[in-house]
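Enquirer: Generate the whole structure from the sequences, applying the supplied hints.
So you can see what is in the structure, the chains are spelled out below.
2 protein chains.
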Amino acid sequence: MLTKKRISEISKLHLKKYREELHQSIVEGTKSVLDLLNSDFPVHEVFGTENWYNSHAIPHLDKKQFTVVTSKEMERISCLRSPQEVMAIVSFPIYTLTDIPDKLPLLVLDDIRDPGNLGTIIRTAEWFGFQYIVCSANCVELTNPKTLQATMGSFCRVKVIYTDLVEFFQNTQRPRRVIGTFLEGRAISEIAFQPDDILVIGNESMGISESISSFINLKVHIPAVSGSHAESLNASVATAILLYNFRDRVVK
Amino acid sequence: MLTKKRISEISKLHLKKYREELHQSIVEGTKSVLDLLNSDFPVHEVFGTENWYNSHAIPHLDKKQFTVVTSKEMERISCLRSPQEVMAIVSFPIYTLTDIPDKLPLLVLDDIRDPGNLGTIIRTAEWFGFQYIVCSANCVELTNPKTLQATMGSFCRVKVIYTDLVEFFQNTQRPRRVIGTFLEGRAISEIAFQPDDILVIGNESMGISESISSFINLKVHIPAVSGSHAESLNASVATAILLYNFRDRVVK
Chain A
25 MLTKKRISEI SKLHLKKYRE ELHQSIVEGT KSVLDLLNSD FPVHEVFGTE NWYNSHAIPH
85 LDKKQFTVVT SKEMERISCL RSPQEVMAIV SFPIYTLTDI PDKLPLLVLD DIRDPGNLGT
145 IIRTAEWFGF QYIVCSANCV ELTNPKTLQA TMGSFCRVKV IYTDLVEFFQ NTQRPRRVIG
205 TFLEGRAISE IAFQPDDILV IGNESMGISE SISSFINLKV HIPAVSGSHA ESLNASVATA
265 ILLYNFRDRV VK
Chain B
25 MLTKKRISEI SKLHLKKYRE ELHQSIVEGT KSVLDLLNSD FPVHEVFGTE NWYNSHAIPH
85 LDKKQFTVVT SKEMERISCL RSPQEVMAIV SFPIYTLTDI PDKLPLLVLD DIRDPGNLGT
145 IIRTAEWFGF QYIVCSANCV ELTNPKTLQA TMGSFCRVKV IYTDLVEFFQ NTQRPRRVIG
205 TFLEGRAISE IAFQPDDILV IGNESMGISE SISSFINLKV HIPAVSGSHA ESLNASVATA
265 ILLYNFRDRV VK
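Each protein sequence line maps, in turn, to chains A and B.
With this note's numbering applied, the first sequence covers 25 to 276.
With this note's numbering applied, the second sequence covers 25 to 276.
Honestly, the hints are just simulated from the structure, not real lab data.
Treat the hints with care, since some could be wrong.
Same chains, same label: a pair holds when it works inside one copy or across any pair of copies.
DMTMM-like mimics (lysine to aspartate or glutamate), calculated; alpha carbons at most 20 Å apart, straight line [said to hold, decoys possible]:
1) Lys-170 x Glu-255
2) Lys-276 x Glu-214
3) Lys-183 x Glu-255
4) Lys-40 x Glu-165
5) Lys-29 x Glu-97
6) Lys-276 x Asp-220
7) Lys-243 x Glu-255
8) Lys-55 x Glu-228
9) Lys-41 x Glu-165
10) Lys-55 x Glu-255
Expert: If you want it as structure tokens, here you go:
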């Protein structure tokens, strides 16, 4: 049973302001919560139905950390229109650029605004072995519940670092290659990739911003079939095709 | 100025029941509405702000077809949380399997449930030159405003046909190849594609259904990097990588 006060405390995390202030967020759904409980993230509390608790025997999870709630209560604390049977409150570690080991391929996101796109990109990045993503400061927040949900648990394993991209590129050691997608550029299937390539994806409608363009030393594009009237690909789709090509042809 | 009655009539199209009954839907946003006005779709009425009308000189659009609304009115008739400056009411033509010319590559969707995924798949299909998509009857509806929005206008050009997939495959002439994505299967980069291949994508969580599996004669998969803990790719991402590979290596 949740008190009114507790419901209102939890619901604060529906707002970006409080998520940022507390470095906490809400993670919902069985897959994501189970991934979370298997991770090093500090989980403060798990809320779920009696039914969920009984059907998931989880060694690390004792009744102290778990609060049984009714479906009605779940509706009040969930961020989702169709709440799931379980959710958790978790603190997010803050990573910085110095946490990134050298010689790893990097994915850089310049102003991705849609939480579904960011989440899908994180999920795809994990699939193709990108352990770190560098985001411009104006990318949508990782801790947005919609972002977290779209990662399908990958947020527990892929490390996302928010930073000023101009500074990041100024401090990136040459001659590391920076590859960006542009409407002009070489067809992606022609490119041979290096293990420490940096791959840059731009904003959903504006592409890669001008201030970043000057750091790109290889422009690539994903060719449309001739005569197609589609103007562009979705940002998470373009990222997926780029990462697929990287993984398919990176020099080992 | 919209009357209460008119607002309530338009708002009926927020519900699937009325969209299906009337074969009509609401299309929102400048890009989609402009694509629509350039298409053969029967557009019944366009609603937009004065500002939008004045900044878009559209030859086919006279004031008779266009109703100026205030932002407040737009909020009441829009399906979006953040309404755009323009929306249109349109009838959807119904295509059938007999409309599909022979010898074209086909994309088949088995139970795609998320409107964002379906819309993104339609957008990607157009990019890679797939003019027809065959959907199982339980796929999310094309006329869902979220689907339409995610297509970014491609719904005007890609033809989507809903049908019983078992019947469809029973009636498909051999020896046409049917390729499906499975967790097991040959790595997609090894596959050479034929111009009339049929590519099948399954449901977001269940994959390709059992009743359809028996029609698949080539199973492929998109390899994850070894050691990745990601369990799967998003359905629209997997489709995009499949269509990219088709277009990259189809025999001409």
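Enquirer: If a hint holds in the structure, say so; if it doesn't, say that too.
Expert: Structure-based check of each hint:
no.: 1; hint: Lys-170 x Glu-255; in the structure: between (26 Å within a copy, 19 Å between copies)
no.: 2; hint: Lys-276 x Glu-214; in the structure: both (17 Å within a copy, 19 Å between copies)
no.: 3; hint: Lys-183 x Glu-255; in the structure: between (32 Å within a copy, 17 Å between copies)
no.: 4; hint: Lys-40 x Glu-165; in the structure: within (8 Å within a copy, 32 Å between copies)
no.: 5; hint: Lys-29 x Glu-97; in the structure: within (13 Å within a copy, 37 Å between copies)
no.: 6; hint: Lys-276 x Asp-220; in the structure: within (11 Å within a copy, 35 Å between copies)
no.: 7; hint: Lys-243 x Glu-255; in the structure: within (18 Å within a copy, 31 Å between copies)
no.: 8; hint: Lys-55 x Glu-228; in the structure: between (28 Å within a copy, 14 Å between copies)
no.: 9; hint: Lys-41 x Glu-165; in the structure: within (11 Å within a copy, 36 Å between copies)
no.: 10; hint: Lys-55 x Glu-255; in the structure: between (35 Å within a copy, 10 Å between copies)
When held up to the earlier numbered hints, the structure conflicts with none and fits them all.
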